[in-house]
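Read top to bottom, the protein sequences are chains H and Z. Mind the numbering: the first sequence is residues 1 to 102 in our numbering, read in order. Mind the numbering: the second sequence is residues 103 to 333 in our numbering, read in order.
Calculated directly from the structure, the hints in this document are not laboratory data. Note that the Cβ used here is the ideal one computed from N, Cα and C, for glycine as well. Check before you lean on any hint, since a few could be wrong.
Coverage of chain Z stretches by chain H, computed from C-beta distances (three or more under 8 Å per stretch; other residues unrestricted) [unchecked claim]:
no.	segment
1	143-157
2	161-169
3	199-213
4	287-298
5	302-315
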Amino acid sequence: MSRRALVNVLIVVAVVALFAVPLLVDGGTSEYGGTDAAVTEELEADGYTPWFDSLFSPAGEVESGLFALQAALGAGVLGYVLGRLRGRRTATPTAPAEADPR
Amino acid sequence: MHIAEGFLPAGHALGWTIAAAPFVAHGARAVVKEVRENPESTLLLGAAGAFTFVLSAIKLPSVTGSSSHPTGTGPGAILFRPPVMALLGTVVLLFQALLLAHGGLTTLGANAFAFAVVGPWAGYGAYRLTRAAGAGLLPAVFAGVALADLATYVTTSLQLALAFPDPAGGLAGALAKFLGVFAVTQIPLAIGEGLLGVLLFRVLTVNARPELERLGVLRPAPVAATPGGVA
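Sequences and hints are given; from them, build the entire structure.
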């Protein structure tokens, strides 16, 4: 494995650890409620009533699916672009920097 | 960072909408101009939009025992300057407001101002300052991407504090309260997002060198680029 690939893998491991370690250390005692929801609950407890409701509120499971869809669309496009860029580099024998007009 | 639908008083909702609108309109023009003048940018523009699309869809746990979203607006702001993200970020927010009941139409202006205007500008500023201080590309990317995330949530806290000042502590008290909910939870997320930004730019410096040079992120290399020679 090249040094570059190794560093990339280490970054991925660091990111995973950053979010996995709190989960493990915590031992399942926290709810991990969203901060957005925490604020609305607090405001409602203080007596605020929202004056407008979402036009469309998906049920819990559907909402998870739509969030997954959003992530999938983004990841798909990102993967497509990075794959194309990599393919372009590995397909051209000359270094891309030399092909740049400036 | 999403202030829920109907949770800002009408005057505030309107005010933030008016404040965000020119940035978004200017951003739309910036995107059209970029695509028209540099069609070869379209791929990277897609990557920048896709990055914020993925990251803002994911709820991540934090050390505080609550969870929150990263923003993903930093890389686009660094690559294409912040105006472009004003449009792309608002598109993300609109998607979430309409389909996910996350955020809302009445709070779209406020959320766009935090997520698509302040976040990208703060991130871009941090990136430029870090580079001007002599740091390499990747440390500057880390600073920019992490700060774009954090600044978004600080702005949201400020928006909520303005709308709901604390009866006892006033604006400062309310700001401390909302920052307590958002900012602390967000710190590990901002670090994680910064690392992902570094990872993205490590891949881009190898595979998209001509684009990065044209966008001024990398200086044109006098000799043929060697993989791994960029940091």
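Here's how the hints hold up against the structure:
1. 143-157: holds (count 11)
2. 161-169: Satisfied; 8 residues make the cut.
3. 199-213: This one holds; 9 residues, not fewer than the three required, reach chain H with a Cβ under 8 Å.
4. 287-298: holds (count 7)
5. 302-315: holds (count 9)
In terms of the numbered hints stated before, the structure departs from none.
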